[in-house]
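Trainee: If you read the sequences in order, they're chains A and B.
Numbers in the numbering used here are just positions in the first sequence, counted from 1, shifted up by 981.
Numbers in the numbering used here are just positions in the second sequence, counted from 1, shifted up by 6.
Derived by calculation from the structure, the hints in this document are not laboratory data.
Here the structure is a predicted model, which is why all the values come from computation and not from measurement.
Mixed in with the good hints there might be a few duds.
What the hints assert, rightly or not - Not the full set, but computed from the structure, chain B residues with beta-carbon under 7 Å of chain A:
1) G34
2) T205
3) F278
Claimed, not checked - Here chain B is said to cover these stretches of chain A; the calculated rule only asks that three of the stretch's residues, wherever they fall, bring their Cβ under 8 Å from a Cβ of chain B:
4) 1079-1091
5) 1126-1135
6) 1188-1196
Positions of the beta carbon are idealized from the N, C-alpha and C atoms, including for glycine.
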Amino acid sequence: MSARASLQVGPDGSLRHLLSTEGLPAAMLHRILDTADQFVSVSEREVKKVPLLRGKSIFNVFFENSTRTRTTFEIAAKRLSADVINLNVGASSTSKGETLLDTVWNLQAMDADMFVVRHSQSGAPHLIARHVKPGVAVINAGDGRHAHPTQGLLDMYTIRHYKRDFTALTVAIVGDVLHSRVARSQIHALKTLGVPDLRVIGPKTLLPEQVERLGVRVFHDMAQGLRDCDVVIMLRLQNERMNGALLPSAGEFFKRYGLTADKLARAKRDAIVMHPGPMNRGVEIDSPVADGRQSVILPQVTFGIAVRMAVMAMLGAP
Amino acid sequence: MNLSIVNARVVDPAAGRDSPGAIHVTGGRIASLDRAPEGFRADETVDASGLVACPGLVDIAARLREPGFEYKATLESELGAAAAGGVTSLACPPDTDPTLDEPGLVEMLTRRAGSLALARVFPLGALTVGLRGERLAEMAELVEAGCVGFSQGNAALPPAATLLQAMKYASTFGYTVWLRCEDASLAQGGVAHEGEVSTRLGLAAVPAVAETVALRMVLELMSATGARVHIERLSTAAGVALVRAAKDKGMPLTCDVGMHHLHLSDRDIGEFDSQCRFVPPLRDPADRDALRRALADGTIDALCSDHTPVDDDEKQVPFAEAAPGATGLELLLPLALKWAGQARLPMDQALAPVTHRAAAVLGVRAGTLAVGAEADICLFDPNADWVVTPAQLVSQGRNTPFLGLEVVGRVARTVLGGRTVFTRSQS
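If we strip away everything but chain A, and leave its shape as in the complex, we get (with noise of 0.2 Å):
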């Protein structure tokens, strides 16, 4: 835990890499949460611009396509007068056989200050951020099944914004916890902010093996896992694993676990629905909770680049 935090968190306590929330203390992520709030009003304004890392080059450099997470961290970058350059590098150096670090040596020797990283592997940002050049950023944007920290961060500006205090809540995360890195990010946040009662709800095939060790209580009965809940995070359902091994098909899935409305009336009634997206609507959800009033997952995209924004001015602004 300490190394964890070592990595990411310097010894005078500021931010070097964004690497997971596992670690991360709570004054840190309250920080990041405050200093998305200033953020939240540059993208109301008529110039959606601030000069704080003018002249900073930021490498977008995804091992794994990712089209909208990318653009929200291109957004980000942009908005604080960064130079973005992207590379999806999956395509490239990679199928020529070069390494991932040789690959992060060469564009450090283009003088790269920050890079925000998705890899299919977990802890591949990690073996980057050891690799850097002092000085250099790591943001970990998605590695295999082990963190999303900025996605975890923007549900967690997303709840403080909508329930303001954590420590009474009570928080339900549905469906692929096994191959979930955003529900990994998110539980780790929740548990260092205080909600006191964090479940996960899933048949035992999609729920990873010793999770309540992360300190989450598990269900496997849909109905009895929302009951009064503040928050219920639905996660992606991915294709692959909807016919097969895991789950015999994704109607059956749907019909124990999709959120509609009749189970979300056992939550409380001014729950918020959250999902990182991309939906798959009539599978994990349905259209008439996604698009309800107690969804709040358009306001989560645009928390998103607010968070981004937050998190890139505390690595590269002097």
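Once you've looked at the hints, dock chain B against the given chain A.
Mentor: Showing chain B alone in chain A's frame:
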């Protein structure tokens, strides 16, 4: 050439001996202990004051990387490492490239090793051609070429039908089948023990049942075929319980544990430390503790280094892509001593699983200081502490999770067949 080692603390686990004395060697064999034979004149006398003299260590799993992986290590470099680690006999698994499924390859390997004369090399032949689990390798031919048993190395177990035939065939001739028990479908894609750590880090997992399911199948096939089996790299507490019960029933079974699994657990992976990537994966601390107890009570026969030279390029990659394994020949002695020290075992019991108990698994006469035995002797300082660093290692593989660890016990001299093959210069 006659050699006398005097003023030593002579430890011979096979004889239960740990007392001051001397060893006298003639014609490459042990002539006598303590008192020199009548008329014996030493050409060289070694004053071993402060040193333990024990049988040369027997390491039943050390990858020498030849043939096929000479860029990772060579016989010269790794047998040099063996000598520096006090290891005088070792068995090498067949997962080379090409695999050790042809007598010619085995003969070449043993001839090369013989001419280097740094350690005795006992190859394990491939159980199936190319380790593909389809066709049986020419076991009888391979034994004639020098193989002491048959293994799949780190390749998957053959399907049950093929394994049944392989065990039947091996038992026809009394050969031992060495098997690393892991169900391939349960282990598929996994890189870490299934538990809290794999869940936290989001690493694809190998459940403990991958070992026990395969182990139960192997035990059933043993009953059906009468084959003698050696279980390689046992890794779980549940596996230990199965082996203990099978041994209690008198089944012809031996087993080993790798030294990393004796000292480390999945907790040591920390933040994706690829030095801790192993096959089988490092398991829960409770599994590690069960392995430690089982080695002490003899349920586990042998402790091996599972020596696997891996270069930096193969480790400086994301955890799941890292090559499994670590260098080990030079750490086998200090890590055996470390285990025994923590378990409060006396010196002869500390050395038993790396000497005569390991030799018994191989079925070779080694690991003892009995009069008439080959004079394979390890002299080491049981109180010398040193820090594991790449520069301290002779092996071409410098990657090990124990880098930076202070260990106790350092080889001073290694004698193979009466000939000194290693001395550490006093720094």
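Trainee: Run every hint past the structure and note whether it holds.
Mentor: To see whether the hints hold, each was checked on the structure:
no., hint, result
1, G34, "violated, 48 Å"
2, T205, "holds, 4 Å"
3, F278, "holds, 3 Å"
4, 1079-1091, "holds (count 3)"
5, 1126-1135, "holds (count 3)"
6, 1188-1196, "holds (count 6)"
Hint compliance for this structure: hint 1 is the single one not met.
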